[in-house]
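> The lines below spell out each chain.
2 protein chains.
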Amino acid sequence: MDDIKLIENELYSYIPDNETLEKNLIDSMAYSLKAGGKRIRPRLVLEFYRLIGDNEAVALPFGCALEMIHTYSLIHDDLPCMDDDDMRRGKPSNHKVFGEDIALLAGDALQSLAFEIMTSPAAVKLAGAEAACKCVNILASYCGALGMVGGQVIDLENESKSAPLEVIREMDIKKTGGLIKAACEMGCALGKASEEQMKAATLFGENIGISFQIMDDILDVTSSAETLGKPIGSDIDNDKTNYVSLLGIDRCRELVDELTDEALKALDVFDADTSALKKMALELSKREK
Amino acid sequence: MDDIKLIENELYSYIPDNETLEKNLIDSMAYSLKAGGKRIRPRLVLEFYRLIGDNEAVALPFGCALEMIHTYSLIHDDLPCMDDDDMRRGKPSNHKVFGEDIALLAGDALQSLAFEIMTSPAAVKLAGAEAACKCVNILASYCGALGMVGGQVIDLENESKSAPLEVIREMDIKKTGGLIKAACEMGCALGKASEEQMKAATLFGENIGISFQIMDDILDVTSSAETLGKPIGSDIDNDKTNYVSLLGIDRCRELVDELTDEALKALDVFDADTSALKKMALELSKREK
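Residue numbers (the numbering used here), protein chains in the order written: chain U, 104 to 392; chain A, 104 to 392.
Pulled out of the complex, with its shape left as it was, chain U reads as follows (with noise of 0.2 Å):
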């Protein structure tokens, strides 16, 4: 069985049972967890968790613990009062469909579920109680005020033109990077990784978290061109400052470029088969959507 339909296997055997008063929520939660996806963060805990672990099992809990936050933050981030999306991934957006209310209460059970499978008697016993401490708390940390959700504050509050490189990459190390870093390091955590280990687990989890939103701004540049009909680079002028409107797409290429490099010498301190991480690696800083 392929990563992704062990993971998807396993999400989806979290989602409650719908047989009750809460039915429309529960259905809402579930209509966004099997909305589709690359499901990168659960890969990601998986694959730095086979590096020093020999039990899958124990991985899997988490890789879908950190699913949950990430759906959670889609379905934050859609709602009229944020970027009001009306689509996502190609369906109408949660708030679409269940209304307003059911959507913020999804998202935030689905926030409360990611913190209770982590800390389930089934995950503690597979996980040891330290090492579920411990990816409770890295992923708490990552996904909130100075992470995750602080870098999507420094994103709103990023309307001017005028923000500076420093200011993106911070937001983008929190906005998209918080996460990631949280995949890679929550996989050390549960093979019980050496301080260097994990040291170089937040390295890689970085540059490949930055490297991935210079990518999504790229593709948002290339693919609005490709629809208009455009020359690619001829509407690099979006509403906010980006990676790509600072350093041009050229630059931002090279960038993807650099950044994958660094995270992948990153990995040089595992003793393990690295490649499947680097195949993942080089994937993402590859991809066309």
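Hints are computed from structural coordinates only; laboratory data are not their basis. A few of these clues could be false.
Identical chains share a label here; the pair holds if one copy fits it or two copies do between them.
[Claimed, not checked] DSBU-like cross-link-like pairs, simulated, lysine-lysine; straight-line CA separation at most 35 Å:
id: 1; residue 1: Lys199; residue 2: Lys368
id: 2; residue 1: Lys295; residue 2: Lys141
id: 3; residue 1: Lys392; residue 2: Lys141
id: 4; residue 1: Lys343; residue 2: Lys199
id: 5; residue 1: Lys302; residue 2: Lys228
id: 6; residue 1: Lys126; residue 2: Lys141
id: 7; residue 1: Lys228; residue 2: Lys382
id: 8; residue 1: Lys389; residue 2: Lys199
id: 9; residue 1: Lys126; residue 2: Lys381
id: 10; residue 1: Lys389; residue 2: Lys228
id: 11; residue 1: Lys199; residue 2: Lys295
Quantities reported herein were computed from a predicted structural model and do not represent experimental measurements.
Chain A: place on chain U using the hints.
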């Protein structure tokens, strides 16, 4: 130092430094955390812990985590897509001061912060990793889809006058009782309570939780009748069904006393002095706001 002061000192110590790019977010979190209240939930964590344990520093971070979850739920509850309340505890509600986007994100970040605090190295060292995991699991499940958030969904969908008492009871147990039960159980888990003690804590929490909500419903009617100069009970014709609209004020007052008696009886399994908990339960049943 009284318990409220003790709790607030610790609570405020967890607010991140606001000298960051996310200043607005952190100020918004602090605004609602500092808005006062009776701090009932953290006080219950402390009191249950004290029945068994002897170092209250163990219980404080967990009580504060619970207060953060309670605070996030109030912020999200007041949003325009939910109850659309402009005021909370005599002050403008969070989104009236900081805007809907920041209020939404402050709620999200407070939820994360709760789980971060319970698994900080300091909290885990004091409580032990097993107990910390147990508390995260208790709190996450009582605040999630089948707990507090589930209760809010039942409330949202309770627009008709026809909801039967069983539905109202389930809504109150989940929406209001969820965090109160969590408080009692977390205090016990931290003190390494026996199974019998844990069951007693759940029973105490459930009875106090329903009683607390019925008191709220009674106060809603009596205070609005007072304001309008009408005879008490003449305007129990609220938008939504609740205990008061179904059973009348007099029966509800009796019910509060019965539930409080049940709660107090549950405490008999503890060898320790339960007078502080009894006093708290009685105060809640006689409160006037």
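> Give a verdict on every hint.
Structure-based check of each hint:
no.: 1; hint: Lys199 / Lys368; in the structure: neither (44 Å within a copy, 49 Å between copies)
no.: 2; hint: Lys295 / Lys141; in the structure: within (26 Å within a copy, 42 Å between copies)
no.: 3; hint: Lys392 / Lys141; in the structure: within (11 Å within a copy, 51 Å between copies)
no.: 4; hint: Lys343 / Lys199; in the structure: both (25 Å within a copy, 25 Å between copies)
no.: 5; hint: Lys302 / Lys228; in the structure: both (26 Å within a copy, 23 Å between copies)
no.: 6; hint: Lys126 / Lys141; in the structure: both (27 Å within a copy, 33 Å between copies)
no.: 7; hint: Lys228 / Lys382; in the structure: within (32 Å within a copy, 39 Å between copies)
no.: 8; hint: Lys389 / Lys199; in the structure: within (32 Å within a copy, 44 Å between copies)
no.: 9; hint: Lys126 / Lys381; in the structure: neither (42 Å within a copy, 37 Å between copies)
no.: 10; hint: Lys389 / Lys228; in the structure: neither (39 Å within a copy, 44 Å between copies)
no.: 11; hint: Lys199 / Lys295; in the structure: neither (43 Å within a copy, 46 Å between copies)
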